[in-house]
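Undergrad: Residue numbers (this note's numbering), protein chains in the order written: chain B, 4 to 474; chain E, 4 to 474; chain A, 4 to 474; chain X, 4 to 474.
These are calculated hints, taken from the structure and not from any lab test.
Beta carbons: idealized from backbone N, C-alpha and C, even for Gly.
Incorrect hints may appear among the rest.
[Said to hold, decoys possible] To be clear about the criterion: a stretch of chain X counts as covered by chain A if any three or more of its residues have a C-beta under 8 Å from a C-beta of chain A, and this derived list gives those stretches:
#1 147-160
#2 309-322
#3 343-356
#4 376-390
[Unchecked claim] One side of the interface only, derived from the structure: several residues of chain B facing chain A at Cβ under 10 Å:
#5 R146
#6 Q150
#7 T151
Number of protein chains: 4
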Amino acid sequence: MKSLNEECGLFGVWGHPEASRITYFGLHSLQHRGQEGAGIVANDAGALHSHRGLGLLSTVFQDDQSLAQLSGQAAVGHVRYATAGGDGVNNVQPFLFRFYDGNLGMAHNGNLTNACSMRRKLEEAGAIFQSNSDTEVLMHLIRHSKQTTFLEKVKKSLQQIKGGFAYLLLNKTEMIAALDPNGFRPLAMGKMQNGAYVFASETCALDAVGAQFVRDVNPGEIVIVNDEGMRIETYTKQTQLAICSMEYIYFARPDSNIAGINVHTARKRMGRKLAKEYPIEADIVVGVPNSSLSAASGYAEESGLPYELGLVKNQYIQRTFIQPTQHLREQGVRMKLSAVRGVVKGRRVVMVDDSIVRGTTSRRIVKLLKAAGASEVHVAISSPPLKYPCFYGIDIQTRKELIAANHSLAEIRQIIGADSLHFLSEQGLIEAIGLQNNAPYSGLCLAYFNGDYPTPLYDYEKDYQKSLRTC
Amino acid sequence: MKSLNEECGLFGVWGHPEASRITYFGLHSLQHRGQEGAGIVANDAGALHSHRGLGLLSTVFQDDQSLAQLSGQAAVGHVRYATAGGDGVNNVQPFLFRFYDGNLGMAHNGNLTNACSMRRKLEEAGAIFQSNSDTEVLMHLIRHSKQTTFLEKVKKSLQQIKGGFAYLLLNKTEMIAALDPNGFRPLAMGKMQNGAYVFASETCALDAVGAQFVRDVNPGEIVIVNDEGMRIETYTKQTQLAICSMEYIYFARPDSNIAGINVHTARKRMGRKLAKEYPIEADIVVGVPNSSLSAASGYAEESGLPYELGLVKNQYIQRTFIQPTQHLREQGVRMKLSAVRGVVKGRRVVMVDDSIVRGTTSRRIVKLLKAAGASEVHVAISSPPLKYPCFYGIDIQTRKELIAANHSLAEIRQIIGADSLHFLSEQGLIEAIGLQNNAPYSGLCLAYFNGDYPTPLYDYEKDYQKSLRTC
Amino acid sequence: MKSLNEECGLFGVWGHPEASRITYFGLHSLQHRGQEGAGIVANDAGALHSHRGLGLLSTVFQDDQSLAQLSGQAAVGHVRYATAGGDGVNNVQPFLFRFYDGNLGMAHNGNLTNACSMRRKLEEAGAIFQSNSDTEVLMHLIRHSKQTTFLEKVKKSLQQIKGGFAYLLLNKTEMIAALDPNGFRPLAMGKMQNGAYVFASETCALDAVGAQFVRDVNPGEIVIVNDEGMRIETYTKQTQLAICSMEYIYFARPDSNIAGINVHTARKRMGRKLAKEYPIEADIVVGVPNSSLSAASGYAEESGLPYELGLVKNQYIQRTFIQPTQHLREQGVRMKLSAVRGVVKGRRVVMVDDSIVRGTTSRRIVKLLKAAGASEVHVAISSPPLKYPCFYGIDIQTRKELIAANHSLAEIRQIIGADSLHFLSEQGLIEAIGLQNNAPYSGLCLAYFNGDYPTPLYDYEKDYQKSLRTC
Amino acid sequence: MKSLNEECGLFGVWGHPEASRITYFGLHSLQHRGQEGAGIVANDAGALHSHRGLGLLSTVFQDDQSLAQLSGQAAVGHVRYATAGGDGVNNVQPFLFRFYDGNLGMAHNGNLTNACSMRRKLEEAGAIFQSNSDTEVLMHLIRHSKQTTFLEKVKKSLQQIKGGFAYLLLNKTEMIAALDPNGFRPLAMGKMQNGAYVFASETCALDAVGAQFVRDVNPGEIVIVNDEGMRIETYTKQTQLAICSMEYIYFARPDSNIAGINVHTARKRMGRKLAKEYPIEADIVVGVPNSSLSAASGYAEESGLPYELGLVKNQYIQRTFIQPTQHLREQGVRMKLSAVRGVVKGRRVVMVDDSIVRGTTSRRIVKLLKAAGASEVHVAISSPPLKYPCFYGIDIQTRKELIAANHSLAEIRQIIGADSLHFLSEQGLIEAIGLQNNAPYSGLCLAYFNGDYPTPLYDYEKDYQKSLRTC
């Protein structure tokens, strides 16, 4: 269980005659949040049907036929990122649970921190899990709940799970959205021309289906949509906003807004801040495609240096299984990224990237630029050093793999072969994102940078404490 | 035959122990030149083997096994763009011809203008063609040639074919590269660390395999590589450089150099020229991804306006077969391109694109930007209006489909819904590319803009004259 | 739930270094028992892994790689027959259940008659089912059981389920086989050269893997195999042998022995009995391929008539998706079965078949023989008329679809267009099979013929009673 | 070229609105003649279209869509058997040749004996072959022919090719069938209800599409079918019937008639003859499935011994890629064939098979029967010993691989482990087939048995003579 630590994308719609098709297009714009699996559960006049599979959305849904089978006016969908292996299609969401008293679809983005202990308790009471995902815990809690109404069962169960979660539930008569007390994962609500309500992990999915943004779902909220309309309730009052700052830094699509802030614009401001904090004498600014192009153009504008296409990403790399051997790599064979010789040759380059995890990618790119003739390569990172793991849904699991948890700035610079290395300050990041929140709280989760987790770590606490002693 | 009018990518290597694998990685960086088919012919100590198929390179070569079967020290490869239909895998190159006196592989980029009449003559003499591609004509000419040596046969045959062509031939003992007398299509030569010679349609493929650029193959040249080394000969002296200007404008990869000029840099200069020719009062500059980003950043720098990410392209659009219905498109459902509401809302936008063919795409993007709140959209095109078809290898076949051949500038502006519309001047384009050539020749083919074809049109002449009268 | 009524094949092995491979070959010889899905769960030193999928075994396991991942010394496998639709791979067995205290694999052949009511009770207690198969009920009963040892939990749970079942269970330390109190479904035990124990639905699977037959598992028995060896216990004393007679008639492979009786030999005796009960004046005897060839040769030998190949089955019919339209069928286009004109023309034919369900197949074959020139066609069926549904695992679900439940012998003869029609008598069938059992019990389930069900029908009782009144 | 030595199936129809569909069903019943590739060329009002691919017909044509694209009133189809490797889909027939003056489809069953030398001559004259099949030679001859009409070109070309061939040609206005001067390969003509003419390698394909048998195409004949009707001409008078006797022995389907003789009936007579020539003291007669079941039942009837199902063939062996390792085979693991222990145990078995090629299969089956308890195994072969290769279209290429070319009867018996071994005499075979022909000619090709080839061997002569000296 502890090995599952994932980022995902959610989409749901209630009240559209082509609900599963709308969900398909919504998920399509969220594909960057998960490429390992996809699925849709549709509600056709109370009957729930499901289709899911491994791989990209376009692999799982190969033709109109696959969607045509999912008729009905409501649907929830999911795209999934997961580390290799796992148990195949069993863990692909949304889950569709079948009961004598009605079926239920469930999709989840985030990571529960007490899933392991809850699962053990439930199994001791006779529960049988069908996946090894943490997601399913909520369903067992609901079914074991002694509350009288379904909504009360759900609320009571949400109070028992901990960590980061955005949930979409679909049953015979309603769709329910719920967000954890810290709002780690984004979840936006929109409305279509015909009045249908839509939920999506990012607002780019609302745009993709032509829906108007209504509002973000807030921490501790539970939103119920049915044929009568939409209403918002809360299952807990103990909330404290802590949006995952990595969403702004590299995860979300640049055209999405999170908490009212456009992601591209925030990134551009990170680049500007970085240029102010660390002005560098150089000839050109180059961004690492694709996620760092916004920050790089911000850096260029603030610094007055020209913004150049010094690195090109091969757009056909997807689904390419043949890779260069080590031997060929040493001879200069490469597939993914190319340095533009005609641009960087003889130039002093500021290379802007969004983050450094292991350092291997940065080292490779610096080497690439130098091999193409760059006279100097200055690495400017538009976020602070990553030093601590995430337990709320991003796949950074141990301190061991984080270069900044184990090396000084000078060491990292040397390892990646840069002429200089700079990270955006934590304060700079907070200001660049510009979330209006009540001090002293930034409204952001910055735990990867400072170890300041907004919640207890529950099942992860022990291993985490141990890792602090060894790394 | 006349319906085949294609752009393609070539790669060849002689003298590397992993020749087919090197060719795979070379072709991978040329995939943008053709996505409909791919293939490799390898020479294993004189025995030629082939593998080819429909679709992307990664579809045709799914695993290392498929390459392992193509052992040997030399190989030629091809990626193919073709209009839908055709005759399936039969037309996918390289062709492998089998003869009692030795096999021969052949790959071609370009389009012959006298293929139809030559084929008829050859068939009347008993020839049987195995494809409906123009490429094969050369092989039949060679086999029917009365010359004594193979090289003389090839030279004589090259003199008989007309139009645009870059050819790679591979036989038991040598690899031969040849370029048409106008050099319409680019063809570069490189050398690997171990001394192996490499040919590629673009220099980005040399970079991809770690090869050093040696020189471009020139018009009328034939280059022979064998175990003794490389030598350059000519099959005609009547040459006149006329590089396809569309290669610079939108076709080639930005990291390639053609005739010594970096493509990204040329595009940026086109953007700068455009800003000088047409300064526009606006708030931001937005490029249409991906081919127009360089020109847009040039425009931004010259104009002093901020360069913004106002349009986002979905990177998962490849191989997605489910498309929004007309009905859903009207509701705002879209997959490929999104306007970034948070960036363009309330702004006056300069939208930079590389060209306008039918005008439908431009209209769609203008509409997208306005729907996202842009207050004005000014369309700036970094090339002159396309008015004439290409007969040398680009898929623009009739005047009928070209909006600029049938409408005035004012009409086009209105059709696409722009607040203003500007095209780069022909002279501006020539200067932006900056090819050093003997006046009065620009060294470029600009026929799509001015109808000034560098060669007679042969089999196409009659239909072309007719089209001038009707459009 | 009630819609699932299936025939399947089981195989298990404990103690062989290539357990999953052995299971693959065992299942391969049981493929005739189920073509809709297949799977294997293997135990690798206590860790259980699973692979399963839709379609034939050769589709689910496409290469050695797929088996190599299932390493370990023990495995259970399953092939599944199911009516179209269902819920895809979720219902494919063996199921692999994961618990904090160890995983468990489970495979089942048969049909439970109280699954529906048991499931409702379990769900009311909080249980969540992952399939809509009846199989899973046993697992939930085990997990909810208050017994102290695993074996006691299993025994107690087996006492609660009703109907026809052969179960194979695999956990960390042992494999368990269990048979229902009537032994409706066959289950044989064997031993390999190296001492490994093997279980299989039919003895042909023991032969296929080179195992020696040890004994059949008996009604009410539970057999435990672990590293210490094998031991046999019982979970109930209230047993009464009632082997499904359809196994002998058409379901089992002719090279299998059930309860010590060879299936081919039993079928040949059915043919002989039939010839004795109904001698027919004719020229040749023809069997309907493939299941009726044994009975036909028995009829031929007893009657003294020559046994001829009058009908040929196309052996490439598998996985052929294109079928003749009604229009083409009327023109005589056919794919599956051909009458041999050169054999039947002008002859009086005794056509031997094993059973008549709807009568449509018989009518088609009679027509085929007459179209090929047969002067008379006498249909001889080597079993009594099918009049009642099966609730223990064969897919005959309602009386409505059974021609003999709704028509007299004379009517059926007329419907199928035969010159005469004869069924083997119930007593003839019992004698032909020749099971040595204590009178008055035949040791066989003959309920499809006489409605004499060996057990109460539980959840099916109500619908069954209703069907007796309407058909 | 010499490596291609193949058996194939042909089908063609002229004058049916669903010609390609009819061809599909015709080919489906000829699938036993070739499983490596399949294709159809259809004529739609003069326009020829083609679809072909590797694998079974059901793989190449996966859905109705693939046939719907081949509309038109005429079609020719082909199924191909070929030794592994080859050049993939290039060699799959029918070939579709495209010419400025009209396209042409061509399909061939048989093997040319002068293809190699003819191809060399044609290539020296400039011809380019697109396959490495011998088939294509005819097309080049036709195109190089100086005759004035197409029919004369075809006739002249047919006179130049040697060996065994049945050809179907389809052009804009007609379908042409042609047979070699010895009629090695069968080719039957039929007529559908609507008047459409049909050609097929075997009459079972006529039955499959509801066509009436008209007559066999005779040696040296060329049959032309067009919208005016059908007419028969000859291209040579020097003919001598020599039907491949292996068609009767094992190749053709039992429901086919060749030269008016039913194949099953001929095989049954071979079994009877064998029983007369070699009466054996035994308990039961067992045929090797599937091809020897007719001969075995003939043997049983003549000898008075019971005919038993002593060997069972797994009907799911097709497309199964996982095979038992040598190690597992030694442990008794097997997939394809099982001996029925309950039938053969303690019995003296006459095992009837149609032929012995290498002897390995026979040895394996004898071993299987003995392992299952047979007390004696007497092998009776319903044809004479195979001692010489075939050059007319069957894949027996060298004497080296033929056990009877290298060992005495006593040695073979010992090698295969039989208690006795008997072959049908050549005279017995001739009488069993019972072709009415003018003595001294049998009308059969018996060269595999006696080395008496009905024609010169041309390109094969040299190697053949050499093989006589070494084997």
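Undergrad: Now tell me, hint by hint, if it's right for this structure.
TA: Outcome of the hint check:
{"no.": "1", "hint": "147-160", "result": "violated (count 0)"}
{"no.": "2", "hint": "309-322", "result": "holds (count 10)"}
{"no.": "3", "hint": "343-356", "result": "holds (count 4)"}
{"no.": "4", "hint": "376-390", "result": "violated (count 0)"}
{"no.": "5", "hint": "R146", "result": "5 Å, holds"}
{"no.": "6", "hint": "Q150", "result": "13 Å, violated"}
{"no.": "7", "hint": "T151", "result": "14 Å, violated"}
The earlier numbered hints that this structure contradicts are 1, 4, 6, 7.
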